[in-house]
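> These are the residues of each chain, in order.
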Amino acid sequence: MITSIAFWNILRKDMRNYYLKPPNISWGIIFPFAWMMMFFLKSQTPVDVRAVLPGVMAMSVLFGTTSMLAVTITFERRSRSFDRLLLSPISLTWLMLAKTLGAILFGIVNAFIPVLMALFFIKLLNIDWAIVFLSVIFIAITSTFLGLFIAVSVSEVFEAQTFSNFFRFPMVFLCGLFVPISQLPVFLRPLSYVVPLTYGADLLKTAINQNGHIALEISLSVLLLYSIILFLVSKRNIQHKWIY
Amino acid sequence: MQQNIIKVQNLAKKFGEFFAVDHLNFSVMKNEIFGFLGPNGAGKTTTINMLTGLARPTSGRIFINGMDYTANIKKAQEIIGVVPEESNLYDEMDGFENLCFCASLYGIKKTEREHRARNRLQQFNLTEAGNKPYKSYSKGMKRKLTIAAGIIHQPNILFLDEPTTGIDIASARQIRSLLKSLNETGTTIFMTTHYIEEAERLCHRIAFIVKGQIIKTGTIQGLMEDTQKEKIIQFSFDGVVQANQFEKDFRRYFSRCFLTHIRDSVFQVRSAMSLDLMPFLSFFDSHNIKVMEAKIIKPSLEEVFVNITGIERDVMKKEKEGGKK
Ligand SMILES: Nc1ncnc2c1ncn2[C@@H]1O[C@H](COP(=O)(O)OP(=O)(O)O)[C@@H](O)[C@H]1O
Ligand SMILES: [Mg+2]
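If you read the sequences in order, they're chains A and B.
Residues in the first sequence are numbered consecutively from 1, following the working numbering.
Residues in the second sequence are numbered consecutively from 1, following the working numbering.
Hint data in this document are derived by calculation from the structure and do not stem from the laboratory.
Beta carbons: idealized from backbone N, C-alpha and C, even for Gly.
Wrong hints could be hidden among the right ones.
To be verified - Derived SDA-like pairs: lysine to any residue, alpha-carbon spacing no greater than 25 Å straight-line:
1. B:110 x A:8
2. A:123 x A:178
3. A:241 x B:110
4. B:74 x A:91
Unchecked claim - Chain A is faced by these chain B residues, among others (derived, beta-carbon under 8 Å):
5. 54
6. 89
7. 105
Chain B extracted, bound-state conformation (with noise of 0.2 Å):
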């Protein structure tokens, strides 16, 4: 049974009259990416700042390794790194000197600190950089330099708000795998995104949230599992093949199964029920049609995103670029 590093109950924060975090239950199991995945304005940045200690919650209870930290976060600081949307480092110093500061807020000594400024520049392919200041820094060096600097102190669980937003396609790229190598050496990971192949690709498990409410939390596998009504598995003929050749047979054999043609000679097979590829196989290969490739289609985050919240991915993006200007 693993263990929750940070469980919240009920968490709430209220703007006058309006709930930004609406009763939020949820935990981070210890070693795990955790991700939050909802449009612009879910409350995913107020979360982060309750947990972290620069909000304060309205209600609710927030415990970290099974202490309540509720009214005095600050404790719990040492511990927590957090890499903010907004990069927070000082423009006028260095990559190392701004690491060096960073380390220092948690009591690191000189030598330590140094010593570590310089393998995360490392780690961070920013040693060259290192000794630039931060102001001419791309927007993906930032990024990857507020990471540095938010795991500068080790710490056991790493919060990320929108890791990737708004940076080059590399470095995001470059950022993923970074934090699962973080991942694996033992950081907890919570971190909110509006991509959904982001959470995809690096959340162990995802709670979507949206107006300020988690709608509902799980594995990427559970999640999808629960949305799968159909099983689909898609074949590709050899040559030309037309759907008069084998439709009426195929019905017969299999009538529990749906048929749909995709394009030229690529087909689908949709089946409430589990599909077993070989009778398929033979079937086709007694009507003399070659198969050249069939796989198991699964349904994406993003149909169980939509399925599940009902909002529309288009909507997300444009509404976090309407929120970006």
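Here chain A stands alone, though its shape is the one from the complex (with noise of 0.2 Å):
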């Protein structure tokens, strides 16, 4: 009972004061737009906004997810407002959870936004909706928690942001979207499969194209993997280095 109000709350309180805050609202549409807008303009047919479709969805989720993370947990974590929560009776595990909720659902709307974008383009037939929205959640899950490793791990809201540019940028490289990954240099190859982005980008791939190359069993056991590794490698930083 106490669990559920608090989380509840907790996840409430972070929708009103940064998920639906004009700022982020806007980043959240513009960061995607942006992408978008580069890409589209680029194609010269209607077969290339499909093609790049999946991997603007992947990125749009990853950097929407990894920045909110780093305003909701680092930012709060320096003005120590964090501290009230951990200072709760409510547990460590449910506290992570209520914080990084709200960035899953954030990602998962950034995720749909290019998709909104497509549809002045091109009719989004032949689509494979359910596994669609499957791989955006592990995907929204995934990079969350990729983001909550970055923000328990430095103290700094810039140095969350610059650390996870440090994930972001070869993420999106590596993981077969732009320059598919048969067409990388050799040595670069087996660091594309440690890449999560790249199951997720596969999946988007597989759902929207019908041209990934990894089954889905594995990309998404992959990405569940990731995930609780990620969370309980957070978990513990921060009952070691938080509860100093």
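Join these two chains into a complex; the hints should help.
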């Protein structure tokens, strides 16, 4: 009872204070919009739009979620309001889930902004929406927990931003979205398969363009495994660093 | 016999090779205001953090209501309220929202938490400020709201870390009286302070803490009696009175007392034994000296503190200010 009331109110507060605030909401829209424009304007044909859609969706989720956690966690940590949460009788696991659920939802919404935009250019037929949705959820969870991991590893908001770029840009490059993995230098290819985004992007490619090359179950399992590991490591970090 | 609500055994916190909290033993009794009085860096905040779940003890044990919570303070957090040294409320939210949010963290339902938030705002004279963003508050208002947030779930024990440091005198006075009435309605209070007067005015019992160690614990009266070696009575006379008018006779009558001229017609009588007022009054009367006022001078807690810890008041003040920039 205590946990559920606390959980929903933490989530609601984050939504109202951060996610639904004009700067963040517009950030959430403008960012995918900018990606989309960049690729769409480059694309000459409707086929191209469709080809880049999975990539833009995955990137929107990745950038949206990781940026938000730098605020909702690192910033609250700096201003000490995170201590108030640690002082309350909600367990650390539930507290972390409450703090991350908002970002996960934010990421899911972000993923569909490029889809809405694509509708202006092309007809979205022959898409397995159930798998799209499932993939987006999994990508949102994994990248949120990556953001969580980053947020609890640093102490300043700007460090969180820098540190997340350290992960984000190589991931975007390595995940096979814009440069197919088969065209990457040989020594980089194994790295592609370490990057969780590779699996998320592949899921979306399968769902949207039926051209993924990793089995659905494997991709989902890898993302799940990444989520669990990132969550547990982050929890351990909080326990050891913040409860000093 | 009063009951211990908190009991701490050999509590220690080590940072590297340095003991910030060096094996403390103390108890806080139910319904008392217990104060940690000590200079900056003594280990007060670290102790509070260990007792409330923000820091892990290096060694030692913590009992609350007789149960050992050392390994899992989280379980005791429902009955604990904490007011940290630095405010930890949300700048963007208004006073009312902040209180409601804090109440929700303890599982209090919507109608009840709104009811409580309104009552607390009223009690703390913040009703008007209730719908203004927290970041627009003055320091004193911020501290008051932080206290209101700390007690919104009606904890049995309230921890306050330097509750009046850095705020205006009027707010500080208001906070002290709020804490008193809170204590009278059954909340046990554990507070830290580096203001000697505050400890004296507010606390039932005090522990002097220096360099991570408790030097002495006791009631204000007990601490004073322990150190008071001399009894002092101060007389103020009517008109101009010179010492030589009665000094000689005085020595003869009261051979074990010392007479000191303080200023103008004010004199102090000191003695190692307890003093009775009457003999002095009749002595002065017989010398045609009119006594306007006679009062027993007690040592201040400050003297006691300096006496026991060897730390001068100025040092404490300066350290604090230095530490706070
Ligand atoms: N996280 C920490 N790491 C290292 N040293 C610390 C830490 N926290 C406090 N200290 C040191 O422990 C001592 C006690 O600090 P603190 O409990 O804040 O004192 P007080 O609250 O009495 O001013 C100080 O010397 C301080 O520098
Ligand atoms: Mg302190």
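> Could you grab the alpha-carbon distance between residue 241 of chain A and residue 110 of chain B and see if it respects the 25 Å cut-off?
violated, 33 Å
> Is the shortest C-beta separation between residue 89 of chain B and chain A less than 8 Å?
holds, 7 Å
> Are the Cα positions of residue 123 of chain A and residue 178 of chain A separated by 25 Å at most?
holds, 22 Å
> Holds or violated: are the alpha carbons of residue 74 of chain B and residue 91 of chain A at most 25 Å from each other?
holds, 8 Å
> Any CB of chain A closer than 8 Å to the CB of residue 54 of chain B?
Hint holds; residue 54 of chain B Cβ to chain A Cβ min 6 Å, cut 8 Å.
> Can you confirm whether the C-alpha distance between residue 110 of chain B and residue 8 of chain A stays at or below 25 Å?
holds, 12 Å
> Hint check: is the beta carbon of residue 105 of chain B less than 8 Å from a beta carbon of chain A?
This interface hint holds because 4 Å falls under the 8 Å limit.
In the structure shown, a violation is registered for the earlier hint numbered 3 alone.
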